[in-house]
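Those protein sequence lines, which keep their order, are chains A and B. According to our numbering, the first sequence is numbered sequentially starting from 76. According to our numbering, the second sequence is numbered sequentially starting from 171.
Hints may contain errors.
Derived DSS-like pairs (lysine-lysine); straight-line CA-CA distance at most 30 Å [stated by the list, open to error]:
no., chain 1, residue 1, chain 2, residue 2
1, B, LYS176, A, LYS134
2, B, LYS207, A, LYS134
3, B, LYS207, B, LYS183
4, A, LYS137, B, LYS207
5, A, LYS186, B, LYS207
6, A, LYS186, B, LYS183
7, A, LYS186, B, LYS176
8, A, LYS137, B, LYS176
9, A, LYS186, B, LYS248
10, B, LYS248, B, LYS207
11, B, LYS207, B, LYS176
12, B, LYS248, B, LYS183
The hints are simulated quantities; they were obtained by calculation from the structure and are not laboratory data.
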Amino acid sequence: MASTESFDKEKQMNQTESTQSVEAVVEACTLYWIGRGIPRPAVDEMRAEFRDHLQAARKDGKSIRAVTGDDIQAFASAWSESYQQPAALPTQLLNWLSAAAWIIAGVALFKHLYGQQFTVSLYWSDIVAVLLLLGTLPLFYRLTFGWPASLSPERRQRAEVIGAAVGIGLVGLLAIVTAVFRQSAPSPLTAWPWRLTTATIVLASVLTGAALRMDLTRLRMHTRSHLRRRAGRWNLFGVFALIIGAALSFLAMPETAGRIMPVWLILLGASTLWLWFLHRLATRW
Amino acid sequence: VTQDNKRSSQLLKGVLDLCLLALLSEQPCYGYEMIQKLADRGLSLVSEGSIYPVLSRLEQGGYIEGYREPSPEGPSRKYYRLLPQGRRRLAQGTAEWERFAHGVNRVIRQGEANESD
């Protein structure tokens, strides 16, 4: 999605053919390759080779189009095809396990914060909520990292609309399913102490760190200025979510219904900052 | 870009891997150098960058090898060299091309001969 927008911008810039557009086209292709999940060492090599070729061509008075053809995205896509490989099974397994651990930790933390209790009861409805959230992960992955380039723009747009509708509907669905399961199986399955929540967070962190470490396509935030800026924005977002969540908690904690939003914001802010920290750690490991 | 150039570029795309292997059999080259050598021999591509997907495939197939060399014009440059498997592929490809070109020539010349009769 983001990479397609960059290409649209680049296509317009290509009309003017300024010297700066060499960098802009290289940047757009780099973002596209990153978005397609090409291993970072390969992306760095392709980027250097492409820039070298464009600069040499410019010196000889050739246009960017003479190098890339009319469709820059098609050019970038053709180049990336030979590098695309599905993630290895251990990597996929690690990703799913860490996602599952995070969802369990998230649900448990929510219950601790919402109920203001160190030990919470675990119901069947909680397990259903975790499974539902796990089932929607592929959708959120696509919404975050974009759809395959092979998908036509119309289908991509349709998929985004459906994705947004499902995202909005998810909250309502979760509430309905949780209520139904809570009614049909009202007795708690087991007690869930805060120590278990802490252990789940530690386990999820270790699994995520290992998954990031194994992921050759991961972004290296300290190497690119635009990615550094993006990381900075995520941190700000996390801090704001925490501050607003804490402030709302202070104001609305006594009311049961009003507790959901502050708790949700605190969880969102904390998880954003924690995942960023894990990413940094995995990069420098 | 004229229609003739487009047609020539399309024809070249079909044998681009063979041409790149042939150039690399002479000496190691970097991407832009290959384009210049092709142009010197009267072959040009509508989009020069189309050599890179081919080079990537040849590299991943073990026919050629990429390595970095310092460049006087700036940062180090990626050069390619032919590997033994690439040399064998070139020999096979050359034989295939000669058979194909011979067949096409016979068809075209027969057509010309029929027209002059």
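So, going through the hints one by one against the coordinates:
Taking the CA atoms of LYS176 of chain B and LYS134 of chain A, the gap is near 24 Å; set against the 30 Å cutoff, the hint holds. Using a Cα cut-off of 30 Å, the hinted pair LYS207 of chain B and LYS134 of chain A holds, with the two alpha carbons roughly 17 Å apart. Restraint check for LYS207 of chain B and LYS183 of chain B: satisfied, since their Cα atoms lie roughly 16 Å apart, inside the 30 Å limit. This hinted pair checks out: LYS137 of chain A and LYS207 of chain B have alpha carbons roughly 16 Å apart, not beyond 30 Å.
With a CA separation close to 69 Å, the supplied pair LYS186 of chain A and LYS207 of chain B exceeds the 30 Å bound. Restraint check for LYS186 of chain A and LYS183 of chain B: the C-alpha separation of about 62 Å exceeds 30 Å, so the hint is violated. About 66 Å separates the Cα atoms of LYS186 of chain A and LYS176 of chain B, which puts this hinted pair outside 30 Å; it is violated. Using a Cα cut-off of 30 Å, the hinted pair LYS137 of chain A and LYS176 of chain B holds, with the two alpha carbons roughly 17 Å apart.
The suggested pairing of LYS186 of chain A with LYS248 of chain B is violated, with an alpha-carbon distance near 56 Å, which exceeds 30 Å. A threshold of 30 Å between alpha carbons decides the hint, and for LYS248 of chain B with LYS207 of chain B the separation of about 17 Å falls inside it, so the pair holds. At most 30 Å may separate the alpha-carbon atoms for a hinted pair to count; LYS207 of chain B and LYS176 of chain B meet this at roughly 19 Å. A hinted pair counts as satisfied when its Cα atoms are at most 30 Å apart, and LYS248 of chain B with LYS183 of chain B qualifies at roughly 22 Å.
Of the numbered hints given earlier, the model fails hints 5, 6, 7, 9; all others are met.
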